[in-house]
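Q: Next come the chains, spelled out residue by residue.
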Amino acid sequence: MKEPLRIANGQGFWGDSVDAPARLVRGGPIDYLTLDYLAEVTMSIMQRQKSKNPKAGYASDFVNVMREIFPELIEKGIKVVTNAGGVNLDSCFEALRETAKELGLSGVKIGIVSGDDLLERLDELLGNGTELANMESGKPLSEIQKSIVSANVYLGAASMAEALDRGADIVIAGRVTDTGLTLAPMIHEFGWKATDYDLLAAGTVAGHILECGAQSTGGNYTRWWDVPDYANIGYPIVEAYRDGSFVLTKHEGTGGLINKQSVSEQLLYEMGEPSNYITADCVVDFRSVKLEEDGENRVRISGVKGGPATDTYKVSINHFVGYKASGSLTISGPFAVAKAEKCAEIIWQRLEDAGFKYEETSTEFLGLNSSHGDINPMPEQVNEIVLRLGVRDNDKASVERFGKELAPLITNGPPGITGFAGGRPRPQNIYAYWPALIDKDLVRPEVRVETI
Amino acid sequence: MKRVKLLDIAHSRSGDKGDSSNIGLIAKSPEAYEIIKNRVTAKAVKEHFGSIIKGKVDRYELPNLLALNFILHDSLGGGGSQSLKNDAQGKTHGQGLLLMSIEVPDDFELSKDENRPEI
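For the protein sequence lines, the chains are B and R, in the order given. The numbering used here applies: residue 1 is where the first sequence begins, and numbers increase by one. The numbering used here applies: residue 453 is where the second sequence begins, and numbers increase by one.
Keep in mind the hints are simulated off the structure, nothing from the lab. Glycine included, C-beta positions come from ideal geometry on N, C-alpha and C. Treat the hints with caution; some may be incorrect.
[Said to hold, decoys possible] These stretches of chain B come out as covered by chain R in the derived footprint (C-beta under 8 Å, 3 or more residues):
1) 220-228
2) 263-270
3) 320-326
4) 376-385
[Stated by the list, open to error] Simulated crosslink set (SDA-like; lysine to any residue; CA at most 25 Å straight-line):
5) B:K260 <-> R:K564
6) B:K357 <-> R:S533
7) B:K314 <-> R:L550
8) B:K260 <-> R:N490
9) R:K498 <-> R:V456
10) B:K52 <-> B:V41
11) R:K498 <-> B:E292
12) R:K495 <-> B:W225
13) R:K489 <-> B:E270
14) R:K469 <-> B:Q428
15) R:K457 <-> R:S533
16) R:K543 <-> R:K454
17) B:K404 <-> B:F320
18) B:K260 <-> R:F560
19) B:K52 <-> B:V321
20) R:K543 <-> B:K404
21) R:K508 <-> R:D559
22) R:K469 <-> R:K495
23) R:K480 <-> B:V321
24) R:K480 <-> B:E292
25) R:K498 <-> R:L550
26) B:K2 <-> B:G27
[As the list claims (entries may be wrong)] On the chain B side, residues computed to face chain R include the following (Cβ under 10 Å):
27) F286
28) N297
29) G403
30) A407
31) P435
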């Protein structure tokens, strides 16, 4: 057993810094590297990719990262826990096997955690009387069954811990709780039990702090003027102890900062009811979290209290609900605001005259009030403004037609309009999120460990 | 009494939960926590954001972190991929809250903030 156990996060979402994982591996000691690629909407995007190409549907960035750091991970004994498998664990595993082969690596154990994907099981589940009702509206899933593109259970840490127990060096999962990526190594290394509620809660808090990459180390920090060397920001590392306490830190010589405020900001990120933070593994009371500064760029977290997990898993379902498009024009002064308003008026008028109607439209003035509405007093004059227009509708052709109305304004509208790069806005599919609960005994997580 | 901006006495961070956003508001000191606890009510937040929030505001207290957590219901134009908003995830709501002006006692001392740029 390693103590303290050093668990780092090198990826907070698909699209995060491509250099962060390698910098964590090379910048100092770590035992585990967690890489989080999945947001709620990511699952629907991946299912769509898979429907077009049976080998797609996982986070391909992960394989590129591994190509760069795989030999060093083996050499240093650093293990990886990731949800990069998305909706295609087999292809992700195959790609990783190919990469290992290219690099001349062998004898590496890969753990694969599956069972989260319910898409193929929906008929069976709904047929057996499982409602999968929307947690917010209460409507039964059968109402939208035909439009479903993805349905995944948020599995907990237990299966990933089992893969580690069985010797996995790399654990690839699909939809698991973000916090479980961090908790799993702790369960494995410290031998925590399913009834060690406070310990599981502590590991979950550690996971919550890590899961958004540099958001706990100075990223998105209110007093950004106090953050040194953003360009070289250090990604977060937890030094965990078997009693459930841990210290958040980062490698020496990196930028960013860690203090009680940076940790508190991240603790509250995407928080609902703080006393009732439910994961597949436990329920955490965030009002129990104690913070103390423990030297420069070090915060000690302790005292975390938790309770037993619920009888259900959360299910993340995405269903297709139509199309949207948005595009923008840059309008320079004089009279930037008045001209932007005129441009919007012209475009909506032309679409109406051409017979197009939309379920929803939006007109935003970036640089004036798009983020904060009327919180701020309006400036009397701005030098330039970005007009951002959007439409949403079931009819793809109408949405496509909207995309053709922006560019003409440059030559047939008011003067001084620019910034129309990147072509016509194209219709994008919209997937609505349908959160539901499912009894745990209806879900069958599976773990397999393969040596490559 | 004198007026300050929440930016002077607190930190914040926001994110999304479906069609709602949440804002964590963290006081810089125990004294500042007492002030935000008393002044930054759910009603005050709802009024501050005006037409941005279509639903209600819930508020939770976390005295251990000197913090409040607000849920701004129906504030993201549908949320997720449905929203047409430039900020579909409420990333800007935390900064918006820090613009709120509140009353503090005349003898309330603002902590040093020497690197802060002039507006």
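Q: Evaluate each hint against the coordinates.
A: Hints versus structure:
1. With 6 residues having a Cβ less than 8 Å from any Cβ of chain R, the stretch 220-228 of chain B passes the three-residue criterion, so the hint holds.
2. Residues of the stretch 263-270 of chain B with a Cβ under 8 Å from some Cβ of chain R number 7, which satisfies the need for three, so the listed coverage holds.
3. Given as covered by chain R, the stretch 320-326 of chain B passes the check, having 3 residues with a CB less than 8 Å from a CB of that chain where 3 are the minimum.
4. Counting residues of the stretch 376-385 of chain B whose CB lies closer than 8 Å to any CB of chain R gives 1, which falls below the minimum of 3, so the coverage claim is violated.
5. Annotation: proposed proximity of K260 of chain B to K564 of chain R holds, straight-line Cα distance about 16 Å (limit 25 Å).
6. Between the alpha carbons of K357 of chain B and S533 of chain R the distance comes to roughly 21 Å, so the proposed pair stays at or under 25 Å and holds.
7. Between K314 of chain B and L550 of chain R, the direct Cα distance comes to roughly 33 Å. Violation of the 25 Å bound is thereby established for this hinted pair.
8. About 22 Å separates the Cα atoms of K260 of chain B and N490 of chain R, which keeps this hinted pair within 25 Å; it holds.
9. For a cut-off of 25 Å, the pair hint linking K498 of chain R to V456 of chain R stands: about 19 Å separates their Cα positions.
10. Of the pairs offered as hints, the one joining K52 of chain B and V41 of chain B holds, with about 18 Å between alpha carbons and a cut-off of 25 Å not exceeded.
11. Annotation: proposed proximity of K498 of chain R to E292 of chain B is violated, straight-line Cα distance about 33 Å (limit 25 Å).
12. Taking the CA atoms of K495 of chain R and W225 of chain B, the gap is near 31 Å; set against the 25 Å cutoff, the hint is violated.
13. For a cut-off of 25 Å, the pair hint linking K489 of chain R to E270 of chain B stands: about 20 Å separates their Cα positions.
14. A C-alpha spacing of about 22 Å is found between K469 of chain R and Q428 of chain B, which places the hinted pair at or below 25 Å, so the restraint holds.
15. At roughly 33 Å between alpha-carbon atoms, K457 of chain R and S533 of chain R are farther apart than 25 Å, so this suggested pair is violated.
16. A distance of roughly 30 Å separates the Cα atoms of K543 of chain R and K454 of chain R; the hinted pair therefore is violated under the 25 Å criterion.
17. Proximity of K404 of chain B to F320 of chain B is assessed by CA-CA distance (about 24 Å); at most 25 Å being required, the pair is judged to hold.
18. Proposed proximity of K260 of chain B and F560 of chain R is supported: the alpha carbons are some 22 Å apart, at most 25 Å.
19. Between K52 of chain B and V321 of chain B the CA atoms are separated by roughly 19 Å; this keeps the pair inside 25 Å, and the hint holds.
20. For a cut-off of 25 Å, the pair hint linking K543 of chain R to K404 of chain B is broken: about 30 Å separates their Cα positions.
21. Among the hinted pairs, K508 of chain R with D559 of chain R is inconsistent with the structure: their alpha-carbon atoms are about 34 Å apart, more than 25 Å.
22. This hinted pair checks out: K469 of chain R and K495 of chain R have alpha carbons roughly 20 Å apart, not beyond 25 Å.
23. Simply put, K480 of chain R and V321 of chain B have alpha-carbon atoms about 44 Å apart, too far for the 25 Å limit, and the pair is violated.
24. For a cut-off of 25 Å, the pair hint linking K480 of chain R to E292 of chain B stands: about 14 Å separates their Cα positions.
25. A threshold of 25 Å between alpha carbons decides the hint, and for K498 of chain R with L550 of chain R the separation of about 14 Å falls inside it, so the pair holds.
26. Taking the CA atoms of K2 of chain B and G27 of chain B, the gap is near 19 Å; set against the 25 Å cutoff, the hint holds.
27. The interface hint given for F286 of chain B is met, as the beta carbon of that residue sits about 6 Å from the closest beta carbon of chain R, less than 10 Å.
28. Given the 10 Å rule on beta carbons, the hint for N297 of chain B is violated: about 17 Å separates it from the nearest Cβ of chain R.
29. Annotation: interface hint on G403 of chain B violated; nearest CB of chain R at approximately 14 Å, more than 10 Å.
30. At its closest, the beta carbon of A407 of chain B sits 20 Å from a beta carbon of chain R; the interface hint therefore is violated under the 10 Å criterion.
31. The beta carbon of P435 of chain B is positioned within 10 Å of a beta carbon in chain R (closest approach about 7 Å), and the interface hint is therefore held.
Hints 4, 7, 11, 12, 15, 16, 20, 21, 23, 28, 29, 30 from the earlier list are contradicted by this structure; the remaining hints agree with it.
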